[in-house]
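Protein chains in written order, with UniProt numbering: chain A, 1 to 343; chain B, 1 to 343.
Hints in this document: simulated from the structure, not taken from any laboratory.
These numbers were taken from a predicted model, which means no experiment stands behind them.
Ideal placement from N, C-alpha and C gives every residue a C-beta, glycine not left out.
Some clues are possibly wrong.
[What the hints assert, rightly or not] No farther apart than 30 Å at their CA atoms in a straight line, the calculated lysine-lysine pairs in the DSS-like style are these:
hint	chain 1	residue 1	chain 2	residue 2
1	A	K257	B	K31
2	B	K269	A	K246
3	B	K269	A	K304
4	A	K337	B	K257
5	B	K31	B	K318
6	A	K269	B	K304
7	B	K257	A	K343
8	A	K6	A	K82
9	A	K246	B	K337
10	A	K246	B	K304
11	B	K318	A	K6
12	B	K337	B	K318
13	A	K316	B	K6
14	B	K246	A	K318
15	A	K304	B	K246
16	B	K316	A	K246
17	A	K257	B	K318
18	A	K257	B	K337
19	A	K318	B	K6
20	A	K316	B	K343
21	A	K31	A	K6
22	A	K246	B	K318
23	A	K6	B	K316
24	B	K343	A	K257
25	B	K343	A	K304
26	B	K257	A	K318
27	A	K337	B	K246
28	A	K129	A	K82
29	B	K316	A	K257
[To be verified] A few chain A residues that don't get close to chain B, going by computed Cβ distances all over 10 Å:
hint	residue
30	S35
31	V150
32	M174
33	A262
34	R267
35	V276
36	R308
37	G322
[Unchecked claim] Footprint (simulated), chain A over chain B, 3 or more residues, beta carbon under 8 Å:
hint	segment
38	188 to 198
39	252 to 260
40	276 to 286
Protein chains: 2
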Amino acid sequence: MAEQTKISVTDVTLRDGMHAVRHQFSVEDVKEIASALDQMGVSHIEATHGDGLGGSSLQYGLGKETEEDFLKAACSVIKNAKPTALLLPGIGTVDDMKRAAEYGIKAIRVATHCTEADISEQHIGEARKMGLETVGFLMMSHMVSPDILVEEAKKMASYGAQTVYIVDSAGAMMMEQVRERISALVGALDSSVEVGFHAHNNLGLSIANSLAAVEEGATRIDCSLAGLGAGAGNTPLEVFAAVTEKRGIRTGLDLYKAMDAADDIVRPKMHRPIQVDRLSLTMGYAGVYSSFLLHAFRAAEMFKVDPRDVLVELGKRKVVGGQEDMIVDVAVELEQKQQALQK
Amino acid sequence: MAEQTKISVTDVTLRDGMHAVRHQFSVEDVKEIASALDQMGVSHIEATHGDGLGGSSLQYGLGKETEEDFLKAACSVIKNAKPTALLLPGIGTVDDMKRAAEYGIKAIRVATHCTEADISEQHIGEARKMGLETVGFLMMSHMVSPDILVEEAKKMASYGAQTVYIVDSAGAMMMEQVRERISALVGALDSSVEVGFHAHNNLGLSIANSLAAVEEGATRIDCSLAGLGAGAGNTPLEVFAAVTEKRGIRTGLDLYKAMDAADDIVRPKMHRPIQVDRLSLTMGYAGVYSSFLLHAFRAAEMFKVDPRDVLVELGKRKVVGGQEDMIVDVAVELEQKQQALQK
């Protein structure tokens, strides 16, 4: 790594952070946070429901504001950074994306499970046609090998993605896993395609993993103020600003402004502390979706087994979203094993 | 690193964690925490005032309990681990150490500033004569080069220390700094002397730095439940248990018991969340003693400069404890610079 590596930081306080406040940021909150972010040197400010465009629903959690009010509020105060929205095909539509662009969104990040890049084709293609900057987002990237991720990333790039992210949705990656995945993508993709990394802190490694990603050639890193995000949160922006400065990596971030916004604006708005507790640590350790937690706890209670054992087993079996039936099956099997041991 | 590296974990919840609760753990708290720790596979349980034996005082903060009651309570419940006490020469005395041994303490960690190992000679020597296990603790180890640390560590070993620790008191080390310091000590000390590492999380790197230390040959790692400790806290034991298990490092820790004790016993006793906030991040970024914080904030207020600039400048000048006069000098200089710029 050259001494003066230059990267850019995308802030996700107003998107991934929405999970941590049950999507309840108000128009005033959004304006306050987006303005502060816009003054501290981030290149992109992502502001969307936690589950992306169209996410505000009974299934994914109703937002406090309509999507229109929320996005317009964010875009109204962002002068320096690019207002950005997340879209998960299946939840958000091309129409949602068009409206978002009308509200002032300039970049779209299209997110799929790490083996399902093909479902991003239409959205990435349409976004490019609309003149939006496009980013592909490979979620749960810890579940598959670097080779598979390369194939999926190439698909996204071929659809028009200008950047592809390795996304550690469950905060389950050790540094080596980050290194091998980022370096594989950097080596395999056309040099015009940037590689990004999105961490979660469930194993206490968000800062170290983000640094490792930069060392392997990632030029786009996701952060959030005070780490506000799902599970144990994301890479805390103000901490990343400090360590990159110490390491001689240029981010353009203003360290003091980031510290002040984290402590004075974001922490007072938190519903719960962002920490590596039993739930978030188990999620990172097992490498499973956060949406499995509640189901696993219910099933574990029913069959009197430890919910952590259920989650660890689900992680081993690489169960993905849509296979929630497996959760009860696993709990039953564990109960039977437990009973056999007691005999 | 061999796949099955074996290390041992010293818990400091009841010593470094005492700073975070202003030394107010009761006899009941100590018994509850020490018992839980004793069941989860740590090799040593350090239980002392935050500033070590003799630390309970107006200057360093009065403990809720007398040293006698506190140590006896801890030792009364510890059956598997070694009850351990910290001692800073100048605060604690040889007599304090003798009394601690009478109360049941089996290991003494003698801590000095990283360039002052010579003041540990008497205490380490006496501890060995008393049949106690002895550990040397080189505080603020980020401030000097690996070569100097090697010289200081050799002194401690020559006095009889069976283990020497690199201590990142300010949480200021990047992973490379940990690697070069630990590998220097491992290479230079007699193979009968173990090398340990004590992290703080001020830069969000406690887990990564502790793993790096193990990779370089450290066999003793300090942790605390939920990271309870000064500043941004120590390496969280339960998280370290999870990452070492994922990495194939044998610690003997019981992950679920550690998670449960962190969430159910320690977090409810916290006075404040253990987090990387403006204060603790500045401390790690600047690389200064936590005891400077209050002085720096007072001086900064008086001269209307940013206290963080004062701390950063103190870090650059490598100011150490006892040189607190420098804090006002630095604030005055920064004020003058500021005024000159405004003209």
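Verification of the hints:
With a C-alpha separation of about 43 Å, the suggested pairing of K257(A) with K31(B) is violated against the 30 Å cut-off. Only pairs whose Cα atoms come within 30 Å are accepted, and K269(B) paired with K246(A) is rejected, the gap being roughly 34 Å. Our distance criterion of 30 Å between C-alpha atoms is met by K269(B) and K304(A), whose separation comes to about 29 Å. The hinted pair formed by K337(A) and K257(B) meets the criterion: a straight-line CA distance of about 21 Å does not exceed 30 Å.
For the given pair, K31(B) sits about 40 Å from K318(B) by alpha-carbon distance, which is inconsistent with the 30 Å threshold. Using a Cα cut-off of 30 Å, the hinted pair K269(A) and K304(B) holds, with the two alpha carbons roughly 29 Å apart. With a C-alpha separation of about 25 Å, the suggested pair K257(B) and K343(A) falls inside the 30 Å cut-off, and the hint holds. Distance check on the hinted pair: K6(A) and K82(A) sit about 18 Å apart at the alpha-carbon level, within 30 Å; holds.
Between K246(A) and K337(B) the alpha-carbon distance is near 24 Å, which keeps this suggested pair within the 30 Å criterion. Note on K246(A) and K304(B): the hinted pairing holds, with a Cα-Cα distance of about 26 Å set against a maximum of 30 Å. Restraint check for K318(B) and K6(A): the C-alpha separation of about 29 Å stays at or below 30 Å, so the hint holds. Of the pairs offered as hints, the one joining K337(B) and K318(B) holds, with about 20 Å between alpha carbons and a cut-off of 30 Å not exceeded.
The hinted pair formed by K316(A) and K6(B) meets the criterion: a straight-line CA distance of about 25 Å does not exceed 30 Å. Straight-line distance between C-alpha atoms of K246(B) and K318(A) comes to about 16 Å, which keeps the hinted pair within the 30 Å bound. With a C-alpha separation of about 26 Å, the suggested pair K304(A) and K246(B) falls inside the 30 Å cut-off, and the hint holds. Simply put, K316(B) and K246(A) have alpha-carbon atoms about 12 Å apart, close enough for the 30 Å limit, and the pair holds.
For the hint pairing K257(A) with K318(B), the CA-to-CA distance comes to about 25 Å; that is within 30 Å, so the pair holds. For the hint linking K257(A) to K337(B), the alpha-carbon distance of about 21 Å falls within 30 Å, and the restraint holds. With a C-alpha separation of about 29 Å, the suggested pairing of K318(A) with K6(B) holds against the 30 Å cut-off. Straight-line distance between C-alpha atoms of K316(A) and K343(B) comes to about 66 Å, which puts the hinted pair past the 30 Å bound.
A threshold of 30 Å between alpha carbons decides the hint, and for K31(A) with K6(A) the separation of about 28 Å falls inside it, so the pair holds. With a C-alpha separation of about 16 Å, the suggested pairing of K246(A) with K318(B) holds against the 30 Å cut-off. A distance of roughly 25 Å separates the Cα atoms of K6(A) and K316(B); the hinted pair therefore holds under the 30 Å criterion. Proximity of K343(B) to K257(A) is assessed by CA-CA distance (about 25 Å); at most 30 Å being required, the pair is judged to hold.
Of the pairs offered as hints, the one joining K343(B) and K304(A) is violated, with about 73 Å between alpha carbons and a cut-off of 30 Å exceeded. Straight-line distance between C-alpha atoms of K257(B) and K318(A) comes to about 25 Å, which keeps the hinted pair within the 30 Å bound. As the CA atoms of K337(A) and K246(B) are separated by approximately 24 Å, the hinted pair is consistent with the 30 Å bound. A distance of roughly 18 Å separates the Cα atoms of K129(A) and K82(A); the hinted pair therefore holds under the 30 Å criterion.
Between the alpha carbons of K316(B) and K257(A) the distance comes to roughly 21 Å, so the proposed pair stays at or under 30 Å and holds. Listed as a non-interface residue, S35(A) keeps its Cβ farther than 10 Å from every Cβ of chain B; the least gap is roughly 19 Å. Chain B leaves V150(A) outside its interface by the beta-carbon criterion, the shortest separation being 24 Å against a cut-off of 10 Å. For M174(A), the non-interface assignment is contradicted: its Cβ lies about 6 Å from the closest Cβ of chain B, within the 10 Å cut-off.
The claim that A262(A) is not at the interface with chain B is violated, since a C-beta of that chain comes within 10 Å of its own (minimum 7 Å). The claim that R267(A) lies off the interface is violated: its Cβ sits roughly 8 Å from the closest Cβ of chain B, which falls inside the 10 Å cut-off. V276(A), annotated as away from the interface, has a beta carbon of chain B within 10 Å; the closest lies near 5 Å. Its closest Cβ contact with chain B, about 6 Å, brings R308(A) to no more than 10 Å, contrary to its assignment away from the interface.
In this structure G322(A) is separated from chain B by more than 10 Å, as the shortest Cβ-Cβ distance comes to about 26 Å. Here the segment 188 to 198 of chain B counts 0 residues with a CB under 8 Å from a CB of chain A, which misses the bar of 3, and the coverage is violated. Figure legend: the segment 252 to 260 of chain B, annotated as covered by chain A; annotation consistent (4 residues with Cβ-Cβ distances under 8 Å, at least 3 required). Only residues whose C-beta sits within less than 8 Å of a C-beta in chain A count toward coverage, and the segment 276 to 286 of chain B has 7 of them, enough to reach three; the restraint holds.
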